[in-house]
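Q: Letter by letter, the chains look like this.
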Amino acid sequence: MRKIEAVNDFVIKFANINGTGSASANNMFAKSIFRSGVPVSPKNIFPSNIQGLPTWFEVRINDKGYMGRRGGVDFMVATNGQTMKQDYDEVLPGGYFLYDNTKPLPPIYQRTDINLIGIPLTDICIKEYRDPRQRQLFKNIIYVGALSYLLDIEFNVFQELVQDQFKGKEKLITPNIHALELGYRYAKENYTETCAIKVEKRDLTKGKILVDGNTGSALGAIYAGATVAGWYPITPSTSVVDAFEKYCKRLRIDPSSGMNNFAIIQAEDELAAMGMVLGASWNGARAFTATSGPGVSLMAEFLGLAYFAEIPGVLIDVQRTGPSTGMPTRTQQSDVLPAAYASHGDTKHICLYPANPKDCFEMSHQAFELTEYLQTPIIILSDLDLGMNDNISDEFEWHDDTLMNRGKVLSEDELENMSERWGRYLDLDDEGIGYRTIPGTHPTKGSYFTRGSSHDEYAAYTESSEAYVRSMKRLEKKWETAKSMVPAPVGHKAKKKANIGAIFYGTSTDASLEALDQAANDDVHINGLQIKAFPFNNDVKQFIDDHDYVFMIEQNRDGQMKSLLVNELQIDPNKIVSILNYDGMPITASFIVDQLNNVLDQAKVTPLQAEQG
Amino acid sequence: MSFIRPNIRHPQLPVNDIGFTRADYEGALSTLCAGCGHDSISASILQSCFELSIEPHKIAKMSGIGCSSKTPAYFLGNSHGFNSVHGRMPSVATGANMANRDLVYIGVSGDGDTASIGMGQFAHVVRRNLNMVYIVMNNGCYGLTKGQDSATADKGSASKKGVPNPYSSIDLCETAIQLGAGFVARSFSGDKEQLIPLIKAAVSHRGFALIDVVSPCVTFNNTPKSTKSYDHVREHMNATGTFDFVPLKDEITTQYEPGKTEEITLHDGSAIRLHKASENLDFSSPRSAMNEIEKYKEKGEVLTGLLYLNPQTPDTHELLGTTSKPLNSLSDKELCPGSDVLKSINSSFQ
Chain A
1 MRKIEAVNDF
11 VIKFANINGT
21 GSASANNMFA
31 KSIFRSGVPV
41 SPKNIFPSNI
51 QGLPTWFEVR
61 INDKGYMGRR
71 GGVDFMVATN
81 GQTMKQDYDE
91 VLPGGYFLYD
101 NTKPLPPIYQ
111 RTDINLIGIP
121 LTDICIKEYR
131 DPRQRQLFKN
141 IIYVGALSYL
151 LDIEFNVFQE
161 LVQDQFKGKE
171 KLITPNIHAL
181 ELGYRYAKEN
191 YTETCAIKVE
201 KRDLTKGKIL
211 VDGNTGSALG
221 AIYAGATVAG
231 WYPITPSTSV
241 VDAFEKYCKR
251 LRIDPSSGMN
261 NFAIIQAEDE
271 LAAMGMVLGA
281 SWNGARAFTA
291 TSGPGVSLMA
301 EFLGLAYFAE
311 IPGVLIDVQR
321 TGPSTGMPTR
331 TQQSDVLPAA
341 YASHGDTKHI
351 CLYPANPKDC
361 FEMSHQAFEL
371 TEYLQTPIII
381 LSDLDLGMND
391 NISDEFEWHD
401 DTLMNRGKVL
411 SEDELENMSE
421 RWGRYLDLDD
431 EGIGYRTIPG
441 THPTKGSYFT
451 RGSSHDEYAA
461 YTESSEAYVR
471 SMKRLEKKWE
481 TAKSMVPAPV
491 GHKAKKKANI
501 GAIFYGTSTD
511 ASLEALDQAA
521 NDDVHINGLQ
531 IKAFPFNNDV
541 KQFIDDHDYV
551 FMIEQNRDGQ
561 MKSLLVNELQ
571 IDPNKIVSIL
581 NYDGMPITAS
591 FIVDQLNNVL
601 DQAKVTPLQA
611 EQG
Chain B
1 MSFIRPNIRH
11 PQLPVNDIGF
21 TRADYEGALS
31 TLCAGCGHDS
41 ISASILQSCF
51 ELSIEPHKIA
61 KMSGIGCSSK
71 TPAYFLGNSH
81 GFNSVHGRMP
91 SVATGANMAN
101 RDLVYIGVSG
111 DGDTASIGMG
121 QFAHVVRRNL
131 NMVYIVMNNG
141 CYGLTKGQDS
151 ATADKGSASK
161 KGVPNPYSSI
171 DLCETAIQLG
181 AGFVARSFSG
191 DKEQLIPLIK
201 AAVSHRGFAL
211 IDVVSPCVTF
221 NNTPKSTKSY
231 DHVREHMNAT
241 GTFDFVPLKD
251 EITTQYEPGK
261 TEEITLHDGS
271 AIRLHKASEN
281 LDFSSPRSAM
291 NEIEKYKEKG
301 EVLTGLLYLN
311 PQTPDTHELL
321 GTTSKPLNSL
331 SDKELCPGSD
341 VLKSINSSFQ
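Respectively, the protein sequence lines represent chains A and B. Each step along the first sequence adds one to the number in full-length UniProt numbering, with nothing skipped, and position 1 is 1. Each step along the second sequence adds one to the number in full-length UniProt numbering, with nothing skipped, and position 55 is 55.
Among the hints, a few may not be true.
[Unchecked claim] Restraint ranges, calculated between C-beta atoms of paired labels, are given here:
(1) B:S53 <-> A:I253: 30 to 38 Å
(2) A:M485 <-> B:S348: 30 to 38 Å
(3) A:D400 <-> B:K58: 32 to 40 Å
(4) A:D254 <-> B:K58: 17 to 25 Å
(5) B:P14 <-> A:D400: 49 to 57 Å
(6) A:D558 <-> B:T31: 42 to 50 Å
(7) B:S348 <-> A:D113: 36 to 44 Å
(8) B:H236 <-> A:D269: 34 to 42 Å
(9) B:T31 <-> A:M485: 37 to 45 Å
Because the hints were derived from the structure by calculation, they are not lab data. Glycine included, every Cβ here is placed at the ideal spot set by N, Cα and C.
In isolation and in its complexed conformation, chain B is listed as follows (with noise of 0.2 Å):
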């Protein structure tokens, strides 16, 4: 998208807690296809950022290679990024995590970079459950390439080049799930209502928090016989429910009868609101949410919404019993054992 985006601000804009304006949150012009669903997501996250009120320079965005990952450029422009390589990114946010558990890791990637090259380290970063929000900008093709299928595309979904996709889809939700994911929602990039809090919802998680976004890709895939098209999911979504997301600042007064409405309490203190679409919707059990993914499968339809959060699974650093200061602040003085230790270890070898 190329328009000029005017440098001069109003003095009134209004700013968040801790003193940044939404402006401060944003990236550089967006260079993708006018109408790109990635714009939107990008939105949503600076959005959300600038909401939950984080310093921008405690947020890395790590990403990989494609449209998608070209995004991190475009919001949070005063935050670190590391555009690295192809499906490699959960690496990188796994080294950068250990050297300092202190910032917010926001990965964002595409359904190629995670769902083909990457899958071995999209597992991989699942299971070690770092400490992450990890996004898929999910548009069922290759767009820098010119559109061939990816390995999210519906089986039987045709993009710009007509040909039925022949093979299975790789469901990325119903894989972090079962490989022990804390969080896992599923949005739309055109749904901004559903998406912003489930970002923020999943930057308040500690663990790995995995947001899998359809996202329209325009010009190779938003075709009538494909799934992944702007109508098909307007037409065939189904939300789990809405929900609101509770920072730990404001106290909870109100009470919801039991039912239809839950309340779910995030390690950082903050908290979910979820209105359940249904009362047999249980978020807290992975069979139950695969079970809920696959029967609107069948209905050749699309879930989304949180699909399954259990907010008290330990992270990395809890995994290996990683000290809570951050490992690149750590002094000489504490790393180094020093020329005596280093006698006694060479009389071992005598």
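Pulled out of the complex, with its shape left as it was, chain A reads as follows (with noise of 0.2 Å):
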């Protein structure tokens, strides 16, 4: 029979069932290949749901360093019975299939084109322990000991993952490594040469790390001094809050004190917690909400004000599949557009774009920054795939010399020697920005009023449409400001002269870039512009220019990002081509590559830029 064979290039699956313990044990085995120097990809597959339903860990092995998903399953570690069948169609001809045959497969199991692998792991369990939690945890950890002979992974970096995992807790290490020996010794006593997939050691994952990007976020906002939290809970944004309140309570006790130098409020909702935000910004602090697309919903009458008002927040959108409840732990890019223009009126708002966790950390931090300066709020759209999942990524980095840049505000003293008379609104840099005052600062200068009702330049009431109209333009002279200061898209030109183009962002990156490799090697060449920020820099409009047509790649149904580039830059959308992906699942070079094909293929007959003319 025909066998994969494979090294370091390839994708293995575990089908559990969630709230058994599996999710530990499969990130133990996707550290293993990290820290035997091999880039990897996890992928946690998951339920809406916290007991008893299937839930799946796709991992990635790639020493190319392509991180997307790729499709297709290689070696299938099989331990749910709900599933079992399904995930047995699913291995790809000549993979393997790993399952505990404590039980005989059922007859309908005829697959002759696939490897079985058995290993009574209820059994060996049953025989080992006693207690029924034992069984069922160390059950992982069987299969876990069976693959590192398998694959061939080194069974000491299974031994220092357990005594780091367990620091602390060192009753636990000796049964945790005795569970990876039984799986071992069993696969090695029943299984030589059978698996023709091997990890072999190399030297690529040195100055990596292996994180997900909600960590990277909430590390961000440590980093660039944020104090204040306001949010409610909604996956996959939690983690957010979660892993800031974790660093804050390591990283802010005050020494002095013993008190914290935060506050992280639980919301009764989505709006109280940007009210939060805005508040604690207006009050000079530097202010967050972590939220997904139904809190942006609810948070868009805020934005609006915060808009209007010109009031820093940093929102971070972690996208889920919309519309509605839609897949709550699935991923999908779909709130580009609900984001840049959340609220009613002529709102629109900054947003980054993250592709990975160093992004989520650098993107948050700059966050801060942007939002202190430009005085409006910044929107971060990462998404469940990079939040949620252990991202490989290159190593966080802080230049201890950056210091907060609070913008135009206005210190007791610079208060105290102005002769002129000052105004909230007033455009005195030809910026579009004001000087702004934190409450307290000085005894009679500075107070103004914050309303989300037309003012004028000096904050006062007006409904005179002069002031109106005045107001609303400087707010596109500040969105013109911001143009020069959000991060620039990244160019990826192809080797060869290319006159197409292909624009992605955030997680459809790391497949698009793939796809652009594997177009290169069919004699394809297409140029690539990773987009970083809304609004648009000056180059996007240029890279577009630039060829006869371009690729969109995103994942949503309606090409918001293509909406977007086609309102904003006054593109003609016929050249736009938008390859789509919105399942839910990541989107995968190989999907890229098919839709590529699909429309070249067509432009041979009908060349995509006659339409034009």
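Make one complex out of these two single chains by using the hints.
A: Take a look at the structure:
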């Protein structure tokens, strides 16, 4: 029988039941690959449920560093009876199917093109352990031990991992290592020469970390000096605030008093969460909230207030599959338009699109700098795939000479020495940004009334059409100022001259870059551009102008970024061809390549450029 | 109300302990209807702040949307104000208070802003016991949209439209007591003698202080069939007693015989000296307060004055364990853990 042969280039998928302790075993497996120096990309595919429903953990191992989802399963670890048949059918021909053979496979399992690896996990556990909970937990560790042998991952990597994981709980180290050995031994005794997929040690993860994006966002907020977080629990953003709290408790305790140099408030809903952020930011603290699509809908009114009254605030939107409740534990990039134009009236918001945990860390910091300088809210659009999965990333970096830039905030002395009449919304520097004051700064100067109703340059209520139009025009000028301050797009030039472009952002980036490489192997050359922020910097328009047409690769049904490009840059919609994945699973390179080829094949018959003529 | 306020001040205007005149606490001219109860409340707020000698810039005025929420523009012109969105003042005040615990937060809201659209935020700001004064200018109707009944309109009460309100009303004082507020009072916009000491005590109280002030709407709800008209309230108002607010600096010398007079010391050392209408009143008991409020309601009357007081409730900062320094004053050094720490964090992800 054919066997898939691979070294450091395969996909292994674990089928489990949630609530059975599989997550920590699976994470240990992923980390063992990382510590073997081989790039790894684990993705947790989990239900919106606490216990008892199917959950999968799909791990791509690739030493070329392609970390987008690949699709297809070379090796399946099937421990969930509910989905066993589906999991069995999913294995690629020549692939491997590891299952618990305490009971034989039912007769409908008739495939002859895959390799079965039966390990009596239940049997081993019944013999070894008395406690039912232990029997359950160690089952997971045993299959990890078996994989160590089958995939040739050095056993001592696991020993070290167990030691690290249970630091402080030494009693647990020996039984875990014992369980790993049970699996390793069984595989060695029964399946020598069975598996032709191998992990070989490399040195490719030096200077890298394996971490989820939400942790990156939280650490970015800590380093940026955020002190106030108002939030409401919602998947997949909850772990941003969890991580913020965890690190605050470690890093933000006042050494002399033992009190907290931070305040985290779990709000009654997302409206209140955003209200707290604006109240705190207005009052001179750096404040943020984290939510997902449904929360953004609720926060819209406050975002409009912040836009019009010019109040800073950072919102981290970890997107999930919409509309409505949608699929709360699946990923999507479908808040692009609702975030950009959140709230009634003419509003638009600055958005940042992180693609990896390091981006999350840096953009989180950048968001606080931008929001205070520009005096307008900043929305960071992460997503479930980036936020909740461990991603390989460059290490987080910090330069100790980085200080908070609070923007145009007048100090007590500046107010005291001011000879002209101060106006909160006077545009003195031709940037569209006024000078603000923090309550309590000066006894007689600098107080004003913040309001979402129309106001003049001195923050006084007005129903004057002229004053209103002046405000709106100034906000437009501020928007222009923002274009040169937000992160610029990153170009990925094809190796040969190309007249086709491809644009992508956030978590579509890895798979897109891989797809462009694959296309190049077939002699199709496409220049890539990764968008990092809205409003679009002028380079984005230039890129589109420089190509005959461009592909817009994103993860939503309606081509939201395309709409934004067409709307904001006045691009001919025919010039942008959408490639859209919106099934809730992370986009794959093979999907993109298929779509590219479809369009390119058609274009050979009727060239796309001609359509515009 | 529109009139031209002279901007010439008498050189010998009385000043308070920190050298400010009453004029320093004034705001812009009111644009509310002539005779609106809200203007009297604004006047009481500014009088209280003047008498308490609070530096105007150390006060933050917070409001939502509605006639009442416009009033912060008409008092304390040297204080920062934040006119937020409808029903959401409590969350904005919460964020502001988290950023700087050293300011005095005076929230002004209406019955629509609090008891309808803002009921959720109101309930939760009480639960968290945010250190703020929350004044409801309660007229039982929506003024700016021309007189619809609000959720505090009494069942059977009729506004200018003449249709009796068929729905039960929400009693914000009872709600606040039930949710754990430490200071709960009810007053009437037409009774400054009662309202001013109440506001002063509420400002001095640490934690959440609610003053629900019945404030007749002269345009839409001052009708003979309304229970929130000037006449009706005057005729049916019963006070739990009177009290003097004794600031910290005034030494308490007089001793009163126990019974009808009671002295309660607030967290900041100032005190309230109560002259109770009845010896049976127990301001420290939520059950007694609820009982009294309901007793008067049954008679078709409204109980005003201090209703409940517990000066020892921990506020949000105490519950969270926040540092005593305002969070908005912390330096880079205090907030940023630095690159060495980040290196060790990085290695925990390897």
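Q: Against each hint, give a clear statement of whether it holds in the structure.
A: Against the structure, the hints:
1. B:S53 <-> A:I253: 30 to 38 Å: This hint holds: roughly 36 Å between Cβ atoms.
2. A:M485 <-> B:S348: 30 to 38 Å: The hinted range 30 to 38 Å holds for M485 (chain A) and S348 (chain B), with Cβ atoms some 33 Å apart.
3. A:D400 <-> B:K58: 32 to 40 Å: holds (35 Å)
4. A:D254 <-> B:K58: 17 to 25 Å: holds (23 Å)
5. B:P14 <-> A:D400: 49 to 57 Å: holds (54 Å)
6. A:D558 <-> B:T31: 42 to 50 Å: Check passed, 45 Å falls within 42 to 50 Å.
7. B:S348 <-> A:D113: 36 to 44 Å: Because 43 Å falls inside the window, the suggested range holds.
8. B:H236 <-> A:D269: 34 to 42 Å: Between H236 (chain B) and D269 (chain A), where Cβ atoms are some 37 Å apart, the hint holds.
9. B:T31 <-> A:M485: 37 to 45 Å: This hint holds: roughly 39 Å between Cβ atoms.
The structure meets every hint from the earlier list without exception.
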